[in-house]
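Participant: The primary structure of each chain is shown beneath.
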Amino acid sequence: MINTYKVPKGGRCPGRSRTATTFLALPGAALWSGAAQAVNDLPGGPAVNAVNFQPPATRIAEILHSLHGFMLVLCASIFVLVFGVMFYAIWRHRKSVGHQAKELSEPLWVELGWTIVPLLIVIGMALPATKVVVAQKDTSNADLTIKVTGMQWKWGYDYLKGEGEGIAFLSMLDTGQREMANSGRPEGDDYLLKVDHPLVVPVGKKVRVITTAIDVIHAWMVPAFGVKQDAIPGFVRDLWFRAEKTGDFYGQCAELCGKEHAFMPIHVKVLSQDDYSRWVVEQKTLMTGQVDASSQVAGEASEQRSEAGGNTR
Amino acid sequence: MNAVIDHHASHGHDDHHPVLAGWRRWVFATNHKDIGTLYLLFSFTMLLFGGTLAMGIRAELFRPGLQLFNPELFNQLTTMHGIIMVFGAIMPAFVGFANWMLPLQIGASDMAFARMNNFSFWLMVPAALIIALAFFMPGGAPAAGWTLYAPLTLQMGPSMDATIFAMHILGASSIMGSINIIVTVLNMRAPGMTLMKMPMFCWTWLITAYLLIAVIPVLAGAITMTLTDRHFGTSFFNPAGGGDPVMYQHIFWFFGHPEVYILILPAFGIISQIIPAFARKRLFGYASMVYATASIAILSFVVWAHHMYTTGMPVTGQLFFMYSTMLIAVPTGVKVFNWVATMWKGSMTFETPMLWAVGFIFVFTMGGFTGLILSMAPIDQQLHDTYYVVAHFHYTMVAGSLFSLFGGVYYWGPKWTGVMYSETRGRIHFWLSLIFFNLAFFPQHFLGLGGMPRRYADYPMQFADFNMISSIGAFGFGLMQVYFFVFVVIPMMRGRGAKAPQKPWEGAEGLEWEVPSPAPHHTFEIPPRLDASATRVID
Chain A
56 MINTYKVPKG
66 GRCPGRSRTA
76 TTFLALPGAA
86 LWSGAAQAVN
96 DLPGGPAVNA
106 VNFQPPATRI
116 AEILHSLHGF
126 MLVLCASIFV
136 LVFGVMFYAI
146 WRHRKSVGHQ
156 AKELSEPLWV
166 ELGWTIVPLL
176 IVIGMALPAT
186 KVVVAQKDTS
196 NADLTIKVTG
206 MQWKWGYDYL
216 KGEGEGIAFL
226 SMLDTGQREM
236 ANSGRPEGDD
246 YLLKVDHPLV
256 VPVGKKVRVI
266 TTAIDVIHAW
276 MVPAFGVKQD
286 AIPGFVRDLW
296 FRAEKTGDFY
306 GQCAELCGKE
316 HAFMPIHVKV
326 LSQDDYSRWV
336 VEQKTLMTGQ
346 VDASSQVAGE
356 ASEQRSEAGG
366 NTR
Chain B
-7 MNAVIDHHAS
3 HGHDDHHPVL
13 AGWRRWVFAT
23 NHKDIGTLYL
33 LFSFTMLLFG
43 GTLAMGIRAE
53 LFRPGLQLFN
63 PELFNQLTTM
73 HGIIMVFGAI
83 MPAFVGFANW
93 MLPLQIGASD
103 MAFARMNNFS
113 FWLMVPAALI
123 IALAFFMPGG
133 APAAGWTLYA
143 PLTLQMGPSM
153 DATIFAMHIL
163 GASSIMGSIN
173 IIVTVLNMRA
183 PGMTLMKMPM
193 FCWTWLITAY
203 LLIAVIPVLA
213 GAITMTLTDR
223 HFGTSFFNPA
233 GGGDPVMYQH
243 IFWFFGHPEV
253 YILILPAFGI
263 ISQIIPAFAR
273 KRLFGYASMV
283 YATASIAILS
293 FVVWAHHMYT
303 TGMPVTGQLF
313 FMYSTMLIAV
323 PTGVKVFNWV
333 ATMWKGSMTF
343 ETPMLWAVGF
353 IFVFTMGGFT
363 GLILSMAPID
373 QQLHDTYYVV
383 AHFHYTMVAG
393 SLFSLFGGVY
403 YWGPKWTGVM
413 YSETRGRIHF
423 WLSLIFFNLA
433 FFPQHFLGLG
443 GMPRRYADYP
453 MQFADFNMIS
463 SIGAFGFGLM
473 QVYFFVFVVI
483 PMMRGRGAKA
493 PQKPWEGAEG
503 LEWEVPSPAP
513 HHTFEIPPRL
523 DASATRVID
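Chains as they are written, first to last, in the numbering used here: chain A, 56 to 368; chain B, -7 to 531.
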């Protein structure tokens, strides 16, 4: 089992070997040069052959989960109803079984009925969704405010307000991952998700994330938190989350931002309050011994900007 | 009933030019049927071209890691696949259908502006060449996605300018085509063909043509501003100069959302012709179908920002666009209910056109449901820019638009060519396309739910199996379209096959079945006299 990633307290999910892959690989043998590798679910990240959202780690993500479940049931019922009627007609009202065409009368109530009933269903959908939209947008009273800056192709994190204020660093894909991509034979449960410096936040605290970018539009997403927000150059936007459990959570850039779009992941490490405080102290000690990290980020940023400017070909 | 043919016999061809021979017939074409054929062949060529790019995408995504293309080229493939399929394949294909069928369906002798018709077709060819050659320009083809979001477009090479130029040309062609369609439908109907007796295909195209005229200039504006930002120092969308990249998205989607209805409304029209023909019944709720189409068109102007939930709109903005988007489900539902009611108590047979039509309703509705799920702003927050969206719009654009186009080719092909297609081959084409289509796109829902972003050249290992299944489905689907061309289209064009009767479908109604198969070069040169239902020529 190839696993370079340290599994947090939640424990490891049982490995599932990719037998389906081995079977399906046969037609594409030319492309399939290696043997099928084992891969496990990544807690806080994607699961092997998942068919639903990633397990929620915030209240909002939980609500989204159930909202999606509700929609699925609703759509499935309508689907069964409408296509039940259609396939019954296909089965019974065929010429080959001797069915004669019969024109139906077209009373107004039928047309009105199947306009009004869907309208009511739609209103029934809109109500719960509205509550969630309002909750998602309420970024007030945050315990911790962090600025996230999208850059081609990494993320900059600045702790603006709250415990840890002043901490700043860049976070980019682990270089070995990009080499693995080029080799065409990647492995590991955290392939393309491993970063050098994860974003660290305390558990149970309302974290407000302010997004912006310095070159093109990026998008900061962490599926387990139910958040995704474009990072737009020249503008700031915000989102919030309150992680309910400690552990590692993963996301990726979700807005096409150039050639390395697939290679600027997001890793959020949620620590207990004590561990977080310890981490903050550690970072502050490191920072006093070094150049001020926030100016370092700013320096990097302006460097990037000039690069981007000269890069218009 | 043979008034038209009698007319031909008595007058011969003395009142107009003879059919030109060889290439001159096509280059100087002013006949709506010839131009329709040109459009259809052009769009099929572009479908195969765009499809080849899609095969490249799916080959790269067959397994994790980069095997075939570097990410830059991968982005070029996704971008050009989108642009070619939307502007080169689906839109011209429907214009081809309009050219062939509108004059026949309303009893007109030709399109209103025959020479402009020629121009609007031949403009597309240089535009297509520019787009195809973009790959060979310095820096390769544009790689900013088909939506061409700023400010990424500012980083593109010269092919970006070439593509903008090509899109302008295509837009001009579309506007000319739309004007032609509107004038033809409004002015050239045979006496007795009132608007509310028109076949549904004419109605859907009339509404689509208005949409096109309304939004193509908006696109032209957006890409022109991109061009001046790139070269002439303006800062409409360039944040470095105080521009607003989100403004680009607003303008683009003000075009883009009506655009997706431009791609689907004529499809609704084709399906509304096919279902009654094979159910041997009238279309249920004709008037409500017309109103539903118009409602969808009008609503399409006020939903654009549902493509932009993650740009960070204020609460009120999100709510407005969420409500208006959900509303679209109502008229779309009315259409599906009317089709099912048309099939109810019919006397159905399932020749190939009907298979495509039923397949359309079934699979397109699945795309409609995922659209409903995506319309919910909070859920879209999770699914935006993931493979779920890719699955959703391929369910509507491929299983919607493309399936209806195939249905239309089988339905009207005998009228165009004078020969019947092979029913066996038609069925093979349908069933395998349906299976491979679902194999290709259904797993993409799971990928999106699991969190795989779209436009990714590479992905975490956990997504490997579904991507592989999807790729296999895509290869199969691509192969089936080559099969369709080689074993269905080419034999029909060469006149191989059983001779088609004037009306090959027992339950079909409409003026197109009042002329012989193949339709003579000139039809309805004098306006026909119609019966009360405006579906038959009397005398």
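For the record, the hints were derived by calculation from the structure and aren't laboratory data.
Possibly wrong hints are sitting among the right ones.
[Unchecked claim] Derived, one-sided and incomplete: chain A residues facing chain B with beta-carbon distance under 7 Å: (1) V103; (2) C130; (3) W146; (4) G231.
All C-beta atoms, glycine included, are put in the ideal place defined by N, C-alpha and C.
Participant: Looking back at the hints listed earlier, which ones does the structure fail to meet?
Facilitator: Checked against the structure, the hints that fail are numbers 3, 4, while the rest are satisfied.
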